[in-house]
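Novice: Spelled out from the first residue to the last, the chains are:
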Amino acid sequence: MKEAIHVTIIDRENVAHHLEAPTDMNMNIMEVCKAYELPVEGTCGGMALCASCQCYLESDTPLPEQSDAELAMLDQAFHVKENSRLGCQIRITEEIEGIVLRLAP
Amino acid sequence: MIETDIVIIGAGPVGLFTVFEAGLLKLRCHLIDSLPIPGGQLAEIYPKKPIYDIPGYPTINAGELVDRLMEQGGVFKPGFTLGESAVSLDETDDGKYIVTTNKGTQHKSPVVIIAGGLGVFEPRKPPIDNLEKFEDKGVEYIIRDPEFYRGKRVVVSGGGDSALDWTIYLIENKIVSELVLVHRRTSFRGHLDSVQKVMDMAGAGKINLITEAEVVGINPNAEGRVGSVVIKHATLGDIVKETDHFIPLFGLTPSLGPIANWGLELDKNAVKVDTFDYSTNRKGVYAVGDINTYPGKLKLILCGFHEGTLAVQSAFARIFPNKKNVLKYTTVNGVTGF
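Just so you know, the protein sequences line up as chains A and B, in that order.
Residues in the first sequence are numbered consecutively from 1, following this note's numbering.
Residues in the second sequence are numbered consecutively from 106, following this note's numbering.
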């Protein structure tokens, strides 16, 4: 098993941040962004309740289906697109190596 | 005017446990919370979710933890001001504080402990440039009194339960003269029977349902109130719809709220405290739980319990400067309520 994967986060100023994320810490994208001090609030702490970690999936990385909680939250959020995801609901696993995400406004 | 020893802002788990620790020192507490029930996030957002890191409980549901904290602190008979949010903190000449709520209820005490968690739950506002200019001029984020809309034309925006339920209410009770419901997607995520009702109303021409669309602009009328809204449709382009009211219903989102203007030192939306006693930069004002920050801060209920415990020790010294406080174990003395 790989110990870390590569994640690219494009911030709101269009700057790409190439990050390393450990796969053995049970982390999610929101937490990785916060750990690298990117401007992601994650107000609710990862319970899919605030949409402050909304991002757009820009790579063709296969992700697990979105949960009802995530879809319900995105329904109430703004700037939502077809490829909108909540960062807190994307787990850091080997399967998402190379994922590219853009932070929503 | 409600007078007490400690006013606690926020009736979440940390605020509730602080009541117990204060009670052990014979200090009385009064809690203020914007939600209508005690428990904060635990009661409002995830009452059925299990929590695994409360000492002594391998697992406990959030709602049950609130019940137990209410029972534990209840022996000290705390007062509650529920369904009101604290808006101002004023110092009195005799070195006390007056906390006033949005409904004007006043609370006076020598010590204020802010246990506000994520802050106040406020309506989520859609990103429309001049939206705030029309607040109280035809834009409302919460329907307080449906009669307010009698005979009026309204545009409701949103796809959740609240948008659906109000649409049904306003139409079934024949309150509004015209209702346009705007939703970003073609399907709704509300309760199935509400979705069916709204779809039936649209089919029968009782409401104008516009899906795959968002309200993106507001135009004023001659009096500067809402005159019309601009609805951007995915394929049809912009639709201008004349209306008297625009009601965006997109749920609630937490924000620090009025606390941000109380002269407290802040860091990234949290109140800075001294870990000696979790005091803020204002004497007699403490902050505990998720709302505070300090080097090494962890947002855990467990840590909030510890913070509240130390804060009331310091509060005791402030309230009774000449009394010596000695830590007594509950196993030795038991707990004697008020």
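Hints in this document: simulated from the structure, not taken from any laboratory.
Glycine included, C-beta positions come from ideal geometry on N, C-alpha and C.
There's no promise every hint is true.
[Unchecked claim] Selected chain A positions facing chain B (Cβ under 10 Å, derived; list incomplete): (1) C44; (2) S59; (3) D60; (4) P64; (5) A72; (6) M73; (7) F78; (8) V80; (9) N83; (10) P105.
[Claimed, not checked] Pairs of lysine to any residue residues, derived as SDA-like cross-links and limited to a Cα-Cα distance of at most 20 Å, are as follows: (11) B:K402 / A:E41; (12) B:K377 / A:A69; (13) B:K154 / A:A69; (14) B:K402 / A:A77; (15) B:K230 / A:S84; (16) B:K302 / B:D266; (17) B:K154 / A:G46; (18) B:K230 / A:L38; (19) B:K373 / A:A69; (20) B:K404 / A:G46; (21) A:K81 / B:S292; (22) B:K337 / A:A77; (23) B:K402 / A:G46; (24) B:K373 / A:P39; (25) A:K81 / B:K230.
Novice: None of the hints should be skipped; say for each whether it holds.
Specialist: Now for the hints, and whether the structure bears them out:
no.	hint	result
1	C44	holds, 7 Å
2	S59	violated, 24 Å
3	D60	violated, 23 Å
4	P64	violated, 19 Å
5	A72	holds, 5 Å
6	M73	holds, 9 Å
7	F78	holds, 5 Å
8	V80	holds, 7 Å
9	N83	violated, 14 Å
10	P105	holds, 7 Å
11	B:K402 / A:E41	holds, 16 Å
12	B:K377 / A:A69	violated, 33 Å
13	B:K154 / A:A69	holds, 13 Å
14	B:K402 / A:A77	violated, 29 Å
15	B:K230 / A:S84	holds, 19 Å
16	B:K302 / B:D266	holds, 12 Å
17	B:K154 / A:G46	holds, 13 Å
18	B:K230 / A:L38	violated, 24 Å
19	B:K373 / A:A69	violated, 27 Å
20	B:K404 / A:G46	holds, 12 Å
21	A:K81 / B:S292	holds, 15 Å
22	B:K337 / A:A77	holds, 17 Å
23	B:K402 / A:G46	holds, 17 Å
24	B:K373 / A:P39	holds, 11 Å
25	A:K81 / B:K230	holds, 18 Å
Hints 2, 3, 4, 9, 12, 14, 18, 19, counting from the list given before, are not met by this structure.
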